[in-house]
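K.L.:
Next come the chains, spelled out residue by residue.
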Amino acid sequence: MDPSEVEFLAEKEVVKIIPNFSLDKIYLIGGDLGPFNPGLPVDVPVWLALNLKQRQKCRIVPPEWMDVEKLEEIRELERKEDTFTPVPSPYYMELTKLLLNHASDNIPKADEIRTLVKDIWDTRIAKLRLSADSFISQQEAHAKLDNLTLMEINTTRSFLLDTLNCMYKLRSNLQPGSKYISDVV
Amino acid sequence: MFITDIRKEFYDVVVNQRVALLVSSEIDALCACKILQALFHCDQVQYTLVPVTGWQDLGTAFLEHKEQFRCFVLINCGANVDLLETLQPEEDSIFFICDTHRPVDVVNVYNDTQVKLMIKQDDDLGVPSYDDIFRDEEEEGGNDSGNESDGGSEPSGKRSLITLTFETFHFRREILFDYEQYEYHGTSAAMVIFELAWVLTKDTKDMLWWAIIGLTDQLVHDKITHMKYVTDIATLQRHVSRHNHRNEDEDNSLSIDCMRISFEYDLRLALYQHWSLFESICNSSYTSCNFKLWSMHGQKKLQEFLADMGLPLKQVKQKFNSMDMSVKENLREVIEESSNKYGMKDIRIQTFGVHFGFKNHFLASDVVHATAALLESTEKDDSPGDNFIKALDCLSRSNLERLHGGIDLAKKKLMAIQQTVASCICTNLILSQGPFLYCYLLEGTPDVKLFSKPMALTLLCKYLLKAFVRSTRNKRCKLLPLIIAAPMDVEKRTVIVLGIPPESETSDKKNFFGRAFEKAAESTSSRTLHDHFDTSSKSNVIVIVYIFHKRADMTHYRWALFSIIELKMEDRTKFLDALITLLS
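Going down the list, the protein sequences come from chains A and B.
Take UniProt numbering: the final residue in the first sequence is number 185, and no numbers are missing along the way.
Take UniProt numbering: the final residue in the second sequence is number 584, and no numbers are missing along the way.
It is worth saying that the hints were derived from the structure and are not from the lab.
As the structure is a prediction and not an experimental result, all values here were calculated from the model.
Be aware that one or more of the hints could be misleading.
Distance windows between CB atoms, simulated [said to hold, decoys possible]:
#	chain 1	residue 1	chain 2	residue 2	range
1	B	F358	A	I153	27 to 37 Å
2	B	N360	A	I18	26 to 36 Å
3	B	M227	A	S89	55 to 65 Å
4	A	L9	B	Q44	38 to 48 Å
5	B	Q44	A	S172	55 to 65 Å
6	A	I26	B	H243	28 to 38 Å
7	A	P38	B	Q44	17 to 27 Å
8	B	L125	A	K70	37 to 47 Å
9	A	L23	B	Q46	34 to 44 Å
Quick look at which bits of chain B chain A covers, simulated, 3 or more residues with Cβ under 8 Å [unchecked claim]:
#	stretch
10	256–264
11	355–364
Every residue, glycine too, gets a C-beta built ideally from N, C-alpha and C.
Could you put together the complete structure from these sequences and hints?
P.N.:
Have a look at this one:
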């Protein structure tokens, strides 16, 4: 999977906006949206929020978890635990990037939030690498990881799977038996 | 006709249609175009952008697009000529013109249906009233018989009719001539379009920055008076404070990546923050002319100046950003104090600067120089359309490499101008031809390709005149206007001729050369092309009578702007001779 595909899936998440135009309810395939009244908050998917923001038709309200203190707590928790802690949102990384790139004037302390989210991401990826490393070196057959997000899984997916395939081929060649050698070649 | 409510009469009409945007090749027009494009993107208006460099381009573009479009928006072109006569459009085509060129042609002003002018009426226009210029024959007959209150018999009635007609004819022509003889510039087009954005409450800091650049372009290329510049700066300053106030409301400050515009009372040194201070002083026309840097004496004076301020030469010659903080701290005040001693009272000027990210800081004049250099770049394989698009790109925040490329080109251009001026003064290339000064750049002159473009040639011409006025001892020569000619296209053997008014303290930036050039060209039947928008290409035959009638006024020094034409090389000498006879 491509990271841009993951970002595309993340754009379905719902975010609150405050429009400055009025429009009746609109009926889309994915669901109903609206009605839009100036000054009244309404929930829309991120893709629509970004489009309206770029056309200067709304103001984006940052999600509840996008707050300096909450993110600091999460970061501290993440650093203490050995396993993965629950994330503020299954698409926290993509949402941070999208909202901070397009709507940083609506989000207070945008720079600090960016740093905090990056710290959380770095810690989690480090844990993932450690876990994958121990999985391979101890030649486990099965592992279970909780609380991983799609983006994190996506970063290791292709590499991990290819590695495991290669290792399987190499391991199966250690068996004395010439019929397997021809498989590898 | 003039538009009073720009939102209802222009934007609401245009938003539901496909629009053709015809934009002239100058920085102010580019900025206005950017703002308008941003507004169109917000409302998803379909438009086609066509850059035009002169009247011929405008005509061709119009012919190409007149089938598909009903609405044409013209930016910085088209107001000073009878548009309907030149373009011959269909009945249902509408033209929205946002142009700084004045005087606005009277036919454009009084046309009620097809030509809409986005110009504020209090903008110092002085348009003659309708009744003074246009009169029907029946009305005339009616008026005349009405004026015959002394009760005349038929024969005397007829005689008065004839005399009255002749007088009104003269009167009308005189009014028109007075109105159209001087060309000048009005409020920046970018500012007009920014006001539209403000009325729609869709104005952003990006748009405000573009409006500032449009205004600064008018100052850098000497199109408006200092008074007008200061007034317009005050208007923009109100917008800047409004935007800044909005951000500092919260106690949480904004992300460093957001754009911050600030009012600066900064030095009049071109590109000094992207260059070394020494280079900038050498290549800015203000300082260079005051110190007379083409002479040894001038160089010594410059060294004294730097020593007076206590700036070590080593510091001053390195890149501005690498100068010591202790030196940079009060630089502006220190320079201002010292400049006052050396006779440069206006070294500081009101302007705006922008910050975004950690290392990007630009003054408005920096961006103007960079964009002008890109727009008129003479590299090979650069068509005018490509240059236009590159210059347009460098105005966006996301294309910083282009902007830096433009700054490098601008530095080369300024250095070329400085060297050309120095060589012209030292080799006495400026000759007095009687009523004006004349300079011709030979084909072999270094960097002469740069001066085949109007904006670069204008900068050179103004700089040259200032330098000449400082270096000559002849009192009479100091009051003469300057005409400069440079080779334009070597293959086609054309020459570009430009005239600027004399140096004066109180110039009101009005120009006469357009008419003079036309007449000289006609009288010698030189093959000329009055293509550039700054020269009106009206060929009103009656004007000849008035040129000779008003000979006294021709030597009246109320000129300002500049006028440009193209000429065939062979016709140059006879054109000049005709011009001399005309103006003496």
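K.L.:
Work down the list of hints and note, for each, if the structure agrees.
P.N.:
Here is what the structure says about each hint:
1. Checked against the hint of 27 to 37 Å, the C-beta distance between F358 of chain B and I153 of chain A comes to roughly 34 Å, which is consistent with it.
2. Between N360 of chain B and I18 of chain A the beta carbon distance is about 31 Å. The supplied range of 26 to 36 Å therefore holds.
3. Between M227 of chain B and S89 of chain A the CB atoms are about 57 Å apart, so this pair conforms to the stated range of 55 to 65 Å.
4. A hinted range of 38 to 48 Å is violated for the C-beta pair L9 of chain A and Q44 of chain B, which are about 26 Å apart.
5. In this structure the hint that Q44 of chain B and S172 of chain A lie 55 to 65 Å apart at CB holds, the actual value being about 59 Å.
6. Restraint check, I26 of chain A to H243 of chain B: a C-beta distance of roughly 32 Å satisfies the suggested window 28 to 38 Å.
7. Our hint of 17 to 27 Å for P38 of chain A and Q44 of chain B holds, since their Cβ atoms are close to 19 Å apart.
8. Between L125 of chain B and K70 of chain A the beta carbon distance is about 60 Å. The supplied range of 37 to 47 Å is therefore violated.
9. Checking the proposed 34 to 44 Å range against L23 of chain A and Q46 of chain B shows it is violated: the Cβ atoms sit about 21 Å from each other.
10. Look at the stretch 256–264 of chain B against chain A: 3 of its residues bring a Cβ nearer than 8 Å to a Cβ of that chain, three or more, so the hint holds.
11. Interface restraint, the stretch 355–364 of chain B with chain A: violated (0 residues with C-beta to C-beta distance below 8 Å; minimum three).
Of the numbered hints listed earlier, those contradicted by the structure are 4, 8, 9 and 11.
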